[in-house]
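K.L.:
Okay, here's what each chain looks like letter by letter:
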Amino acid sequence: MSFNPLYIPVAAAYGCVLLLRLLNKNRLARIALLIAFFLQAVFLTARSLSFGFFNSGGIFEEQVFLPFSLAGIGLWLWSSRHDEEAAAVAAVAACIALLSLPIDKGVIPPSPKSSSLLVPVFFFCEILAHALFIAAATLAAWRPKGEASFPQAHRLAVWGFVLFSAAQVSGAAWCYQGWSVPFQWSFRHLHSAAIWCFFANYIHLRFMPWWTDRRKAAYLTAGALLLVAYLAALQFIEAGQQRIGG
Amino acid sequence: MFQRAWKIMAAVQTTFWLLGLVSLFFIIGSIYFRLEKQFLSQLNFHLVQDWMRNIGWQHPGLSWWFFVLLFLLLLLGINTVACSIDRLLRLLPLRKKMARLEFMVTLTPTLVHLVFILVLCGHLLSSFTGSVEKVSCAPGQALELSGQRTLQVLAVRCETHAQPPSLAGKLKKMSAALHFRAPGFDGEFTAAILAPAHRAGFSFHLDSVDKYARSRELVLIIRRDPGIGLIIPGLLAIIALMLWYFPALWITKNKSNFKEK
Chain A
321 MSFNPLYIPV
331 AAAYGCVLLL
341 RLLNKNRLAR
351 IALLIAFFLQ
361 AVFLTARSLS
371 FGFFNSGGIF
381 EEQVFLPFSL
391 AGIGLWLWSS
401 RHDEEAAAVA
411 AVAACIALLS
421 LPIDKGVIPP
431 SPKSSSLLVP
441 VFFFCEILAH
451 ALFIAAATLA
461 AWRPKGEASF
471 PQAHRLAVWG
481 FVLFSAAQVS
491 GAAWCYQGWS
501 VPFQWSFRHL
511 HSAAIWCFFA
521 NYIHLRFMPW
531 WTDRRKAAYL
541 TAGALLLVAY
551 LAALQFIEAG
561 QQRIGG
Chain B
36 MFQRAWKIMA
46 AVQTTFWLLG
56 LVSLFFIIGS
66 IYFRLEKQFL
76 SQLNFHLVQD
86 WMRNIGWQHP
96 GLSWWFFVLL
106 FLLLLLGINT
116 VACSIDRLLR
126 LLPLRKKMAR
136 LEFMVTLTPT
146 LVHLVFILVL
156 CGHLLSSFTG
166 SVEKVSCAPG
176 QALELSGQRT
186 LQVLAVRCET
196 HAQPPSLAGK
206 LKKMSAALHF
216 RAPGFDGEFT
226 AAILAPAHRA
236 GFSFHLDSVD
246 KYARSRELVL
256 IIRRDPGIGL
266 IIPGLLAIIA
276 LMLWYFPALW
286 ITKNKSNFKE
296 K
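Protein chains in written order, with the working numbering: chain A, 321 to 566; chain B, 36 to 296.
Worth flagging that the hints you see were computed from the coordinates, not collected in a lab.
Note that the structure is a prediction, hence the values are computed from the model and not measured.
It is possible that part of the hints are untrue.
Only part of the chain B face toward chain A is listed, based on derived beta-carbon distances under 7 Å [to be verified]: (1) T50; (2) G55; (3) S58; (4) K205; (5) K208; (6) H240; (7) R258; (8) I266; (9) I267; (10) L270.
The beta carbon of each residue, even a glycine, is placed where N, CA and C say it ideally should be.
For reference, chain A alone in the conformation it holds in the complex (with noise of 0.2 Å):
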């Protein structure tokens, strides 16, 4: 079975969502996005069980989990009555998510270093800090009556943190068990490291007076885009990976 076919349904879905958006046809984004949501579920169980058992990697990988985060997020911000921020998410959601579109989506078999517990808390964990990030950083910097939601955006990048720094730790007694450091002298842990800075500094932030909330928007979105260009280069380090159904 080739996942690739698989995935446009849910890709036309965020498609909708886009365009709506655009339109400016709020509410029907957001059902767009709840049919999108479903969708990509959908997609992801049959990811899990395409070798007739469940591999939690046919889940947990960036390019298909990290817009069903921020769709998750966008829905969650729908249900608590933040219609406008949840519009925002929705059209960030569908943008990764149409952007991963021509990456192949078959799943990374399992190996002898993936047969652990820590490897899908490790990945749930980091993605999901990504998308808390992004989706900070979108409500941060949108103003669609002149004011940012701050105080949102500053909950979601403080839970966002949180989780990210638990991927450190599971992330760390992984590659102790398998590679004998808990941290590793490399691209992707030092790039890590680095995001794990960054939004500890923006933790620290609250305590200078000078950085104002517009300040803070801009360091949040500074933030995602180092998150985002790390990511896109992720993509071409690991395109070399052996993939099943794609």
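Following the hints, put chain B in place on chain A, whose structure we already have.
P.N.:
This is chain B only, laid out in the frame that chain A set:
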């Protein structure tokens, strides 16, 4: 003079600039790691001072950022200690004036920073002390290691997937039966990928030569790591403290006109 230096070292503005620079140098390092594959990755299999002596100083064009990063991390460590002590000295006299929950919430960031210092100390110990050896792991291989230690690879076992056809023959698990002799220890045990063995103060980590563990070629990393006992529990403690702190902070803020000190 000392007071002024202490004030600068304990200032949150110093933390801001140091964390920003550390972040920048981690990015610079990551770019170097993409561009160079031979020398920099050796950092993972050498103690830092050995790597600096044998590789780092010989290739300053490749390693300059690493020396700057170490210096910045040292400054960040000093700043964290100074900032924590400074805050603790300000907070302790307020203990009786504040409600219990409020005081606990106020104290938690300082605790996080103190545990962070422990984690940094753990990394310092791991990087500069202990030992690390990387040897190939083929069945029947016998090795003489330093310090009157010997290691023999008795057998290598590879388990493969049987089903489904798309996975059939692909590696599922790999392990090695080992016989290790060291002063005060003589025994046989098994080390597997993701399941290291711990014997006579050493940990034995089985790793595959291929990054994604697709080939049967294995290496064994024998490490004595005095810092790991601080790093993993320290990181777990930080997560636990953060999971308590942020909800408690919001509860406290909603309850009263609480202001962080």
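K.L.:
Hint by hint, note whether the structure agrees.
P.N.:
A quick look at each hint next to the structure:
1. T50: OK, holds: T50 (chain B) within 7 Å of chain A, min 6 Å.
2. G55: Cβ of G55 (chain B) sits 6 Å from chain A, so the hint holds.
3. S58: holds, 4 Å
4. K205: Check passed: Cβ of K205 (chain B) comes within 6 Å of chain A, closer than 7 Å.
5. K208: holds, 5 Å
6. H240: holds, 4 Å
7. R258: holds, 5 Å
8. I266: Check passed: Cβ of I266 (chain B) comes within 5 Å of chain A, closer than 7 Å.
9. I267: holds, 6 Å
10. L270: OK, holds: L270 (chain B) within 7 Å of chain A, min 4 Å.
This entry satisfies every hint, going by the numbered hints stated previously.
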